[in-house]
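S.K.: Here's the letter readout for the chains.
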Amino acid sequence: MSQPKDYGFGSDEQMIKNTARKFLAEHASVEKLRALVAKDPHAFAGGKNASPLAAYDESVWKKVVELGWPALPVPESAGGVGMKMVGVAGLVEEVGRAAFPSPLLSTYFAAFALREAGTGEAKKWLEKIAGGESASLAATNAEGSWEPSDTDVSAKESGTAAALSGTASFVQDARKASFFVVSAKAASGVGLYAIAANAPGVSLQADRIVDTTRDQARVAFKDAKAELIAPAPQGAEALRKALPSIWTVLAADLVGSAEWLLQTTVQYAKVREQFDHPIGFFQAVKHPLVNVMVENDYARSLLYNAACAIDTEPENAEKYARMAKAQASDAAAYAADRAVQLHGGIGFTWECDVHLFFKRSKHGQALFGDAAYHRRKLADLLIGPVAAR
Amino acid sequence: MADEEVKEGSKDTPEQAEFRAYCRKWLAANRPAKPTFRLPQSPLEVMTDEQRIYLQAWQKKCYDAGLIGCDYPKDYGGGGKKGFQRIANQEMAHAQVPFLINVIGLGMGAPTILHHGSEENKKRYLPKLLSGEEIWCQGFSEPGAGSDLASVKTKAEKKGDVWVINGHKVWTSLAHFASWMIILTRHSNDDKYAGLTYFIVPIQSALGKGVTVRPLIKITGETGFNEVIFDNLEVPDTLRLDQVGAGWKVAMTTLLHERGAAPLVTPSAGGAGGDTIGRSAEALIDLAKKSKRDGRPASEDGYLRDKIVGLLIREEGLRQNFRRVRVGALCDHPMRIPLQGKLIGTEFMQAVGALGLEILGAKSSLYLGDENAPEGGQWPLAYMNTYGGTIAAGTSEVQRNILGERVLGMPKSK
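Heads up: the protein sequence lines correspond to chains A and B, in order.
The first sequence finishes on residue 1052 if you use this note's numbering, and the numbering steps up by one all the way, no holes.
The second sequence finishes on residue 448 if you use this note's numbering, and the numbering steps up by one all the way, no holes.
In isolation and in its complexed conformation, chain A is listed as follows (with noise of 0.2 Å):
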């Protein structure tokens, strides 16, 4: 199968992106942004009795949930948009450019693995996210492994109902789910089960965490009742063939964000002045900028090549996922750390917005796996496995 020249991104992909543009410009600005997530800096920073920060903005995020958002990769069979990635990765490349606090990646990623598991059940909770319901997926360790197989939850399974039970970390937005996608050892191996966040035995441990615009939790469980969405070893499988979806959504995130950083730097280099010249005007501040644009035109570029290989080259997908996540992680960092010190002192300050993008760009760069991570996965793939000594 070969991929489509424009990535299959056409007219309904080109208006889904810009109407996020013009809805999170009016919505979610960098002001709102500020206001919302950025007011108490002592309780960021570990002060006492201050629960870490979940902010987001529910009455925008109702509006999101009625422009369709996060029914665009669900099934139509399932109540959804039935989007083709590249549609999906241009409006989450808006949402990141925005640093928008929601749970919409979150529930994207549950959506994933429930749509590759392609069970009747996942049917069931798709159509609940189709109907607008947050969700989020946990299958991460303690340790933030992000392999498939591990996990910290195990699953006592009677036909169509488990008991879990074991924590599972690193959830992202957990405290904005209604429900979770949960990966548990079985005996037969990892399966995958959903569950209600507010289900008896569920209990939520908020992390703090340096990103300001996600919350992020622990998710105990305690022999608690969940729905089987795909037995073992399905479930790890669903998980697997989930993953170059998640990082192509991240990757479209971090992709906005570094886009952000770059146009905002590059601004105040145009106006800030310095020994008689905007600062723009010295080489040692333009080409590290210019660096940062080459940087992310790869990370975009990959990106796109990415989403359009989910749609339509699935064998190629991990490959070309991989790819895309680790130059947007790497891409992201770059522009992060230049716009820091390209602002000089006020860079380094609250009151300046860069923090903002900062913090959620090293936040996306890790998720699911950095540059480096990638980088070995990929060497395995193209190179070769290395042979047992």
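Certain hints may be false.
Claimed, not checked - Below, a sample of chain A positions facing chain B; criterion: calculated Cβ distance under 7 Å:
1) F672
2) A932
3) V934
4) Q937
5) P941
6) F944
7) S964
8) R1038
9) A1042
10) V1049
Unchecked claim - Cross-link-like lysine-lysine pairs, in silico, DSS-like; alpha carbons within 25 Å at most:
11) B:K157 with B:K108
12) B:K397 with B:K252
13) B:K323 with A:K982
14) B:K162 with B:K95
15) B:K45 with A:K668
16) B:K448 with A:K933
These aren't lab readings, by the way, just hints derived from the structure by calculation.
Heads up, the beta-carbon is just placed ideally off N, CA and C, and yes, glycines get one too.
Place chain B on chain A using the hints.
M.R.: Frame of chain A, contents of chain B only:
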């Protein structure tokens, strides 16, 4: 790359598809026999007469078959088609036939003459340029004018009906075989930019009569480029391109094409050279599998694996940039990717070359002519040659200025 190009045929018009099939068939049937002598890595290192004769004959054959100048008007020796040259270029690259020797003429001379030459000039010079019968070189850089091109000092003085040229050009590839040169000169010191005028000047026919060509030796030990000295060379006014004082504008046309960002698809350098060592990240995998480190294949070394994959990602990224540039909705600024082409392409090649040497370890010390040198010492040669890429046609630093100013809109650096 091959797959990519096969796919590119998917949007050909019926006429273009027919032409593509013709090119493919013709190239398969007419591929020249491999020469008994070594061909250099690019047209810019062609040194001997036997190399020149072989390559000139090949270009003429391609021209006669209609694979060169396809999109140029018929009046000027072209094929009068639209969108054919891109197809011929793809097929030549795909077929891995020898490169076209008249690369400076095809890539820069021809579009400059087409846009700025008189009707008479276009009729006289373009046909033999396209056929490769007359080789062209370019006179831009001088000892005192490199990155700051507009500071050229080579003087053009009007005396009666003729212009008298005096000055010194350097890094002039192919001057040793060239019939003609496109040259940027200064007719006035009153204004840095408006004091420039652009000409065509004879080289071969003027040797010893106002023109001296001397080879310059590169860090590789090879030659291929030259210095050209003008001592009272007389040139008729008819060889002037565009107006007196329009030299900078004409030079921009040349550079736009040289840096690969031009809208007009010009006949490219064509297919592969004699050796393609050090030109792809893919090749690094093979090299690492063949090389040893601590008694084990270098391809099992964690550090090298990470670096190789880093360049494989870059290589895919270059391909995807080329793809995305045609999807307007996914490009914020129309020149953002095109103006990066020269910078990132040449820096990629340099990184491949450098990593090749790292993989070779101790054997990277072995050079041309050493019986134990891996692949005949081509890896260190290729690596050293990549600096031609990052320096010529506007250094990487100049490219970053251009990108920072024209795309990101930052103030002009001095």
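S.K.: If a hint holds in the structure, say so; if it doesn't, say that too.
M.R.: Hints, one by one, checked against the model:
Checking A:F672 against chain B: minimum C-beta separation of about 6 Å stays under 7 Å; hint holds. Look at A:A932: its Cβ gets to within about 6 Å of chain B, closer than 7 Å, so that hint holds up. At about 10 Å, the closest approach between the beta carbon of A:V934 and any beta carbon in chain B exceeds 7 Å, and the interface hint on this residue is violated. At about 13 Å, the closest approach between the beta carbon of A:Q937 and any beta carbon in chain B exceeds 7 Å, and the interface hint on this residue is violated.
For A:P941, the interface hint holds, since its Cβ comes within 7 Å of a Cβ in chain B; the closest pair sits about 5 Å apart. A cut of 7 Å between beta carbons decides the hint on A:F944: the least distance to chain B is about 4 Å, and the hint holds. Against a cut-off of 7 Å between C-beta atoms, the interface hint on A:S964 holds, since the closest Cβ of chain B lies about 4 Å away. Against a cut-off of 7 Å between C-beta atoms, the interface hint on A:R1038 holds, since the closest Cβ of chain B lies about 4 Å away.
At a threshold of 7 Å, the smallest CB-CB gap from A:A1042 to chain B is about 4 Å, leaving the interface hint in force. Restraint check, A:V1049 versus chain B: the minimum CB separation of about 5 Å is within 7 Å; hint holds. The suggested pairing of B:K157 with B:K108 holds, with an alpha-carbon distance near 10 Å, which does not exceed 25 Å. With a C-alpha separation of about 22 Å, the suggested pairing of B:K397 with B:K252 holds against the 25 Å cut-off.
Restraint check: the Cα-Cα separation between B:K323 and A:K982 comes to about 21 Å, which is no more than 25 Å; the hinted pair holds. A hinted pair counts as satisfied when its Cα atoms are at most 25 Å apart, and B:K162 with B:K95 qualifies at roughly 13 Å. Note on B:K45 and A:K668: the hinted pairing holds, with a Cα-Cα distance of about 9 Å set against a maximum of 25 Å. For the hint pairing B:K448 with A:K933, the CA-to-CA distance comes to about 16 Å; that is within 25 Å, so the pair holds.
This entry does not satisfy hints 3 and 4, going by the numbered hints stated previously.
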